[in-house]
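**Student:** This is what each chain is made of:
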Amino acid sequence: MTAKPKFAMYWAASCGGCEIAVLNTHEKILDLDANFDVVFWPVAMDAKYKDVEAMEDGSILLTLFNGGIRNDENEHMAKLLRQKSKILVAFGSCATEGCIPGLANLSDVREIISTAFNTITTDNPNGIYPMTSYDMPEGEIHIPTLLPVLKTLDQVVDVDYFMPGCPPESQQIAAVIDLVIQVVHGKAELPPKGTVIGAGNSTVCDECKRTRNVKVIKSFERIWNIAQDPALCLLEQGIPCNGPATRSGCNARCPTAGAQCIGCYGPAEGVVDYGARLISAFASVIDAKEPEEIDRILDGLVDPIGQFYRFSLAGSLLKAAVPAWKKEKA
Amino acid sequence: MSNEKFEPVIIGFTCNWCSYRAADMAGTARMKYAPNVRLIRLMCSGRLDPTFVMKAFANGADGVLITGCHPGDCHYVEQNYKALRRFLLLRRVLTQMGIEAGRLKLFWASAAEGAIFAAEINKFVEEVRALGPLTWPTEFQPIASIPIMQEVTA
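Residue numbers (the numbering used here), protein chains in the order written: chain P, 1131 to 1460; chain W, 2 to 155.
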């Protein structure tokens, strides 16, 4: 029996939604199992880090890595899996651009710990905080240390392909699995390194079925506050829809369902900074010339970072906010 | 360090038809202004992609200046209003990122306003100097060891 190529999937700082999206490919998962030897996938099978460490370099053909790099364990696994894998895919929004965990880059790491362990919703009367190392009678034990900011996978190691989405759509995952299987059988070629796979090259607007006219808006509306026209472009109705800057690939799911695009597929082809592109787009359609009136309209965007960088803060040009990296004033 | 005067690095965007001509006029009229501003000429302030501003801050600028034709004077009819709206929105985003609002400035200067241009630049350089260096990190390495986690045992 010829050995099947090896497959691994790992989660770093993520929610587990990417794994569920893989399982949502239904029977396609059987193709994966038929064509690959799954050697490491913590959510689906039992394997230890030392098993991976014992593998030969480059022996895993395909590794899907989801999650951002939040602590030194994530960083270690990213480096280890890079070393052991031929093809390393940054899988899902966290690994490609930071996603929701990346919004922690707005805060100092001390603030994050204190929110988790010592706020009114936490029952911690003695103010006990976790320690990264502790002396037990059996020896010293460790838990991972948080890094000052969350990094995307490609800010830590060399990445071969990027697969956006929070989570990536199951039909896109199935298509990518199909492609890799074809490649294994010599029936297809891999795209050039650095390619964004499992997504379109255009914007969500391009896939959106709503009618578009010239956009001129007098106010930004929150979605539950207005009776929306189900056939008209959401942005034209003042609903801050992130479609203009977001990569296609999801068949415009949210706008089709009546909700604004929030940008989980990340920046469209050629967009350097996702938020900057949206700032440009939103500011262009505001119908006002006086600073006071413009400001009044902009007040409708209650949380600009949440609007423009919900998924892409860690992967943006600025990467983090000042409180996350600025030294404390002595 | 404390004895040395901090010289801010400022990236200034000018439009081809008004503010760049104003800078030109300041030059030909031998008006002196602070040398901290690196001017970049765009065809119009409406060409200013917010990405340019983000990139300037990410790569070490302490302040960014946006200039254009006076309202109503835009060579491309009303693109300077677009620049104004982008500026106002961008400033909100940058403020939320922790960048002081004073590090991003917009003013209008016509081709005849060399003196105003020079004076505004001098003013902005002093404002940014007072704010101090931004020193945005290019690599987010740990600042020091993070002595955050300690146990207060019962």
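No lab work stands behind these hints, which were simulated from the structure alone.
Some hints here could point you the wrong way.
[Stated by the list, open to error] Lysine to any residue pairs mimicking SDA-like chemistry, simulated, CA-CA at most 20 Å apart:
1. Lys56/W x Asp1284/P
2. Lys1345/P x Met26/W
3. Lys1158/P x Ala1174/P
4. Lys1419/P x Lys56/W
**Student:** With reference to the structure, classify each hint as holding or not holding.
**Tutor:** Results of checking the hints against the structure:
{"no.": "1", "hint": "Lys56/W x Asp1284/P", "verdict": "19 Å, holds"}
{"no.": "2", "hint": "Lys1345/P x Met26/W", "verdict": "39 Å, violated"}
{"no.": "3", "hint": "Lys1158/P x Ala1174/P", "verdict": "15 Å, holds"}
{"no.": "4", "hint": "Lys1419/P x Lys56/W", "verdict": "27 Å, violated"}
Of the hints listed earlier, those the structure fails to meet are numbers 2, 4, in rising order.
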